[in-house]
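As they're listed, the protein sequences go chains A, B and C. For the first sequence, our numbering begins at 312 and goes up steadily by one. For the second sequence, our numbering begins at 4 and goes up steadily by one. For the third sequence, our numbering begins at 1141 and goes up steadily by one.
Hints in this document: simulated from the structure, not taken from any laboratory. Built from N, CA and C at the ideal position, the CB exists for glycine as well. Be aware that a few hints might be false.
What the hints assert, rightly or not - Per label pair, the in silico range of CB-to-CB distance: (1) Arg-408(A) with Leu-99(B): 20 to 30 Å; (2) Asp-411(A) with Val-1769(C): 29 to 39 Å; (3) Leu-99(B) with Ser-445(A): 42 to 52 Å.
Unchecked claim - Facing chain C, from chain B, some residues (calculated, C-beta under 8 Å): (4) Leu-25; (5) Val-87; (6) Arg-91; (7) Asp-95; (8) Leu-102; (9) Ala-103.
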Amino acid sequence: MTLAATAAGHGFLSPTGVEIAFLLVGIGTLGAAVITVTTRQLVHAALWLVVALGGVAVEYLLLTAEFIAWVQVLIYVGSVVVLLLFGLMLTKAPIGRSPDADSGNRWAALVVALAAAGALVWVVVDAFRATWISFDGPVQGSAEASGRSLFQYWVLPFEALSVLLLAALVGAIVLSRRGGEGRAPAAALPDAAARASAAPATAPREEQR
Amino acid sequence: MHLAYPAVLAVLLFCTGLYGVLARRNAILVLMSVELMLNAVNLNLVAFDVWLRDTLHSGQALTLFTIAIAAAEIGIGLAIVLLVYRNRGSSDIDRLRDLAERPDGADADGTPQPDTQAEATA
Amino acid sequence: MTLTTTAVLVPLLPFLGAVAGLLLGRRTPGFVRPLAVLPTLAAAGLTVAVAVGQGGGPATDVATRLTPTGSIPIDLALHIDGFAALIAVLVGVVATCVQIYSTGYLRDDPRYPSYAALVSLFTAAMLLVVYTGDLMVLLVGWEVMGICSYFLVGHYWETETARAASLKAFLVTKLGDVPFLFGIFALAADTGTFRITGILGSVVNRGLDHPTLIALLLLAGVAGKSAQFPLHTWLPDAMAGPTPVSALIHAATMVAAGIYVVARLLPVFAASAAALVVMAVIAAITMVGSGLAALAQDDIKRVLAYSTVGQLGYMLGALAVGDRGAAVFHLLAHGAFKALLFLGAGVIIHAAGTNSLAAMSRMSGLSRRIPDAYWTVTVALLALAAIPPFAGFFSKEAVLGAAEHAATGAAHGIPGAAGWTVLVSGLLTALLTAAYAARLWLLAFKGRGVEAPDLPQALNSVRAGETPSPQPVVMNAVLWVLFVPTVALGLSAPLLPEWFDGRSLAPTLTTSVVGTGIAVVGGLVTYATWRHTTALAARTPIGAVVVDPDAAPGLAEETAIATHAPVYGDNAGAADPADPGRLLLGPLHRHAAVGFHLDAVYSALFVRPVRAAATLVRFLDREVVDTYVRGAGTAPRWLGAAVRRAQTGNVQTYLGALLAGSLVLAIAAVLVATGTGA
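This is chain A alone, in the form it adopts within the complex:
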């Protein structure tokens, strides 16, 4: 365990600056996530999700994975949340507080979630309390490194993924067409998220029609 041995000199009570930053951002992210799943205002939940996802992006940056962080911001914050907001609108979600946002089994859900959190935290802390991540050496997640590995070693899964996205696009279109009378939706967009957003995007047009 050479990697574990490097953590010998680093205690939890003397955190480095990166750790402090990670911790603070993490607390914010977690708080935003908790508000996301508990708030009674549906639109607020989507907005708090933006905060949580952005917090995760910052954590990626702190972990030196800059490319991932920007992709996270672009796709999640930029398109997924927008999609969700569109979905909320299209399903005529109430803007104000809706008292029935939680279903009847929230207490059971709470118990399961807390038990799972307890068990997983215990296991994870038990396993990794002495493990140290060293940021010395070349940056692990730079755009150059990511791109090089992605198009060198992962090119085949990458292309397979593009096929998957195409299938998802077609599926979303088929699901959204209303009984075969709808027009063919707009052409495919180059961005993956834009492809995915095409399906809901057709819906409003049909709704308005």
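Since the structure of chain A is already known, use the hints to place chains B and C on it.
Frame of chain A, contents of chains B and C only:
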């Protein structure tokens, strides 16, 4: 940096998403919670990738794939939710109980079911 | 052919005939009659050949052992002596007569093939019993006869009476067979062999350890099979079967099997004086009781059945006083004339269209219509009443002579009490026998009233003018065949001792005079009573004949049996004030008609407790056992209902339960892996 920080944060995010999936009534909120869970997994992938200094960068590549798949999933998922909403007039998933077995054939919660004609034609 | 081969063929031929009849009867109706008659006829011829070959010489005894069978070996043994040879001749002749008679009697019966095959099978079993020298093989034939009797009594199974009678016959004889089986086991355990010669040798040489117990156990089986008190009740009811069956099984052969077994094993019984006294008492009760009961019966066949019971009592009495020669002599004579009586009764029932004596007594001209049956039955009744010079006289006097011999203490090892019991009851029975024979004859043939042949047609006026169906020739021919031994068998009395034990069977003067005198008195008293009551008969019309005069004999009898109870109120008796038996018996008549309430006693002692037990078992089964069974069904149903409540259709609930379960599994796995838990 201790690996425990991102790992514990991922666990807590995951469990928060878990709670959301189990407790939320609106299908779109459930989808949001699923996103939270996916992000927790992504955080784990990135953290371990950095820790292990993988030459293939498999953790980051998988994170990218996950993000792409999550985007596709949210597209399909929203399409389904919209379809359900169009047919049922509601996106509350605890009212979608058509698969429940009712010995008397009656409705479980007493709400009148929308006509199945719409479902068939949709 | 050697004597052994011939003797082996004797039971084998009817057996093969029965198998062939059962296999081919349905497909080739043309072969049924030859297959029924010819093997039996051949077997009868072979029995005569065996008897001639055997003569009065020393017993032929051969055995072969097919396979070792445990501690005590079972042999396929033949043991042929004078007794076996002569009884086999009787069985063969009577069986042949019955088969020939049946071709006419059951000519239109759809179940004739199976009937004939069963009669053949029965004949084979009886011949096996007669010829075998091994008790286990004897038991096989014994039980085959029992089951054949069950099927044949139930031949008219459409009638309730026949169904009940067949069951009763089967159960009562089985009731005797169980102790019989134990008796055989005890005997074999005592002597170390199932061979009869071995057993008898062992008895003579070193005696038995428990002679009384063994003798009484065997006696129970004999009482069941030979219809002795208290197990005789099945025999009168068994008259619900076809008449030829009654003649073959319930008069001449099967019921004689019990007597034959006692005769074969007489030294075993003679080893215990107590057993002999018990036998004598049983015989006495049977004789007198059946004589009284026969006097009160209305069904002509039931009269003959009770008469059979009484005559078997005579034979058992002869055995009780240690004279098996006399017993077997009476068995032979009785077999001949009783078969004749039954077959004649079949003709009478067909001609009269009823089996009720009360109805026959109001019908004149019956004797003119069936002259063959009239003359043969008359002679057979004289033989039954032991009037010289017919067969019954000689055989009965042999029995009475043996009893007197024992009573005076002249017989070695036989208790005098047994002798006196048999002698007194035998004389009393001679009186009763003559009385009921005379009553039967007078009521059946000397009736006064409407002309017999016209009566059925008068009642069935639609068919008036048609000629009644003629009696089948074979039926009358058989009567004359049996007529010969009925008349002449008595003359063989001087020859028989050579075949038997050597003791003289000639009638002694004292018993002859006393017995015949008593019989004549009985007959005359009955005649006088009949003269007195016959005037009454004209005034009280009774019953009605419902049988179609053109019906086949078997069908006529079936109808008569089925309608007796509805017409006359009872299976056994009829409320006929003109019955001489009613006057003779006085207050006893009511009890005698129902067999002295023995059936009621059995009902109270066995039937009702068994029914109560069955009710209890049914209660336990329905209410206790079934509760568990139903519970086994209900509990999962409730469980299922409970589980179904969880199946709400809410996906979130499912997912929550799924995640909680996997969490529990994961924690358990972690605990096990780290060794913290387990």
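Hints versus structure:
Checked against the given bound of 20 to 30 Å, the beta carbons of Arg-408(A) and Leu-99(B), roughly 24 Å apart, stay inside it. Taken as a hint, the range 29 to 39 Å is violated for the pair Asp-411(A) and Val-1769(C), whose Cβ atoms sit roughly 49 Å apart. For Leu-99(B) and Ser-445(A), the hinted distance range of 42 to 52 Å is satisfied, since their beta carbons lie about 50 Å from each other. Of the supplied interface hints, the one on Leu-25(B) holds, with its beta-carbon coming within about 5 Å of a beta-carbon of chain C, less than 8 Å.
Given the 8 Å rule on beta carbons, the hint for Val-87(B) is violated: about 12 Å separates it from the nearest Cβ of chain C. Look at Arg-91(B): its Cβ only gets to about 14 Å from chain C, farther than 8 Å, so that hint breaks. A distance limit of 8 Å between C-beta atoms decides the matter here; for Asp-95(B) the minimum to chain C is near 10 Å, and the interface restraint is violated. Interface restraint check: Leu-102(B) against chain C, minimum CB-CB distance 5 Å, threshold 8 Å, status holds.
Against a cut-off of 8 Å between C-beta atoms, the interface hint on Ala-103(B) holds, since the closest Cβ of chain C lies about 3 Å away.
Comparing the model with each earlier hint shows violations of hints 2, 5, 6 and 7; every other hint is respected.
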